[in-house]
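Given chain A's structure and the hints, the job is docking chain B onto it.
There are 2 protein chains.
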Amino acid sequence: MTEPLNILIIGLGLIGASFGKAIRAQGLNDRSVFVLGHDRSLGVADQAVALGVLDQAVTDLADLPRVDVVVLAVPVMAIGDVIDDIKPLIGSLQVLTDVGSVKGEVVRAVRARLGILPGCFVPGHPIAGAEQSGVAAARADLFDRHMHILTPLPESDPAAVQLITQLWQAIGADVVEMSVERHDEVLAATSHLPHLLAFSLVDTLARESDNREIFKYAAGGFRDFSRIAASDPTMWHDIFLTNKDATLSVLRRFQADLTMLEQAIEQGDGDLLHTVFTRAKSARDHFTQMLAERQKD
Amino acid sequence: MTEPLNILIIGLGLIGASFGKAIRAQGLNDRSVFVLGHDRSLGVADQAVALGVLDQAVTDLADLPRVDVVVLAVPVMAIGDVIDDIKPLIGSLQVLTDVGSVKGEVVRAVRARLGILPGCFVPGHPIAGAEQSGVAAARADLFDRHMHILTPLPESDPAAVQLITQLWQAIGADVVEMSVERHDEVLAATSHLPHLLAFSLVDTLARESDNREIFKYAAGGFRDFSRIAASDPTMWHDIFLTNKDATLSVLRRFQADLTMLEQAIEQGDGDLLHTVFTRAKSARDHFTQMLAERQKD
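Going down the list, the protein sequences come from chains A and B.
Position 151, counted from 1, in the first sequence is what the UniProt record's numbering calls 151; the numbers after and before it change by one each time, with no gaps.
Position 179, counted from 1, in the second sequence is what the UniProt record's numbering calls 179; the numbers after and before it change by one each time, with no gaps.
Calculated directly from the structure, the hints in this document are not laboratory data.
Using N, Cα and C, we set each Cβ at its ideal position, and we do this for glycine too.
All the given hints hold, so there is nothing to weed out.
Covered stretches of chain A, as calculated for chain B (at least 3 residues, CB under 8 Å):
| # | segment |
| --- | --- |
| 1 | 185-195 |
| 2 | 198-207 |
| 3 | 216-228 |
| 4 | 240-249 |
| 5 | 253-260 |
Ranges between beta-carbon positions, derived for each pair:
| # | chain 1 | residue 1 | chain 2 | residue 2 | range |
| --- | --- | --- | --- | --- | --- |
| 6 | A | A136 | B | R40 | 50 to 58 Å |
| 7 | B | T278 | A | R294 | 29 to 37 Å |
| 8 | A | R108 | B | Q289 | 35 to 43 Å |
| 9 | B | S41 | A | Q263 | 32 to 40 Å |
| 10 | A | G172 | B | L272 | 35 to 43 Å |
| 11 | B | P154 | A | E266 | 24 to 32 Å |
| 12 | A | A256 | B | G268 | 21 to 29 Å |
Under the rule of at most 30 Å between Cα atoms (straight-line distance), these lysine-lysine pairs were calculated in the DSS-like manner:
| # | chain 1 | residue 1 | chain 2 | residue 2 |
| --- | --- | --- | --- | --- |
| 13 | A | K216 | B | K281 |
| 14 | A | K296 | A | K281 |
| 15 | A | K244 | B | K281 |
| 16 | B | K281 | B | K296 |
| 17 | B | K216 | A | K296 |
| 18 | B | K244 | B | K87 |
| 19 | A | K281 | B | K216 |
| 20 | A | K87 | A | K244 |
| 21 | A | K281 | B | K244 |
| 22 | A | K216 | A | K281 |
| 23 | B | K216 | A | K244 |
| 24 | A | K216 | B | K244 |
| 25 | A | K216 | B | K296 |
| 26 | B | K281 | A | K281 |
Pulled out of the complex, with its shape left as it was, chain A reads as follows (with noise of 0.2 Å):
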């Protein structure tokens, strides 16, 4: 019989509790997997093996069973210290991953701590979330037909990336491969700098506002605009400071376009707006279809 693949994951807030959760449920192929985890908050890893999340809470870090695969779910600039407190365990790992939405800053850390990049080191990226946060809130469910972006390394072994996939592919995850600093770029496109821009807003709005009483007239499309405001400040805040070069690419990229509106409503020039109007609608439906479209798969 084969020896069940024993996963531990560090940090067991919705991301790093939902895979294991989910790891748990599904097992890899053929082979089972045992799941250890470990969270700084005290308590945190009971609540996990009670919520079905883990099958092992693990106290001390310096003390702990073999181990195959490591997980780092903890905060982009948690993960530096982490390293630290796991350097014994690394040469014997077949896979180091994490889910970090900033990958260039992660890479950094893991060189900095370790002196080189080793072999089984992995850096990922979940493209999945949810509103509520918290071991509490884990879900089996939470990354199937979601994509998951892997950051192979040169320096990654061809077997870790190949088990690491295995793992998200079977509960249920779509996995790409892309460069880090791709990723890095991507995500400032389409989330880091959305975020930033509700955030303004809703500060804007906030601070000129006697009593807030400004949004008393607000509708479903500020309800909807403004969601990712009530984001965590910290996270954000870290993501910002890491993720620096390319927020502040696309961040002026969109200033200037946003700029180009200001003067067509200046100078009435609906030909303008209409034309920018019209190809947003049309990629946004485009992206709506994409949406139905995984759903349905």
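Structure of chain B alone, referenced to chain A:
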């Protein structure tokens, strides 16, 4: 027995048709209503009768029975021409109202065509909408628990203001009054600017990306944020051309605040980012709670 109140709706899109369906279902306190409707597209008024939106379709605006109330539910830039069409009728109306998104422009158009602002004229704007459009999407509950903003003019007859208030209240709307100028400022901030940002961002990303490939990697946050970029380009082009001053004013304040965030990212000023994001999250959480309370009442 009291005569029924005869209401003529001109323009049978989502808003006009939903008003008809709702007021036919509710009546006005103890008085019955009779709902007539006209649409410049052939067949739409007959369809509206079949759907229960109207009691009677009107083909020719020059050949009408007695009318007490006219609701203009055509695009803002079409209102002037409709005013010309119904000019002979206006002197005998109890209420002339509209549902346009930009009140200053509607008032300007009515004054331009009539030379005066008649006492029966009370501009209005329901803060409601839906993904679908057109007569077939009409819903009797569209305005239930939604704001309806009235912007009475110095010329408006108090009896006209009272009657149109009662009509909107009868179908569940929460009627508030404000000045034309304040309305256009509030909507510029809570509706027009968010639409401009969504159109602009989707267009920026779509133009840069080969085959819109970038949208493949977008998640739920982007989906919600960009939903309003699928709105009707012609209607929104009208709005920006007619609410130019208020839109430009809030757009420039937004751009100044966004530039401040850009500089914070550039300089690595995490404190400023954290402060703004925390303030925005608090305001957005307040808005969420406000919406939840409105639904509970």
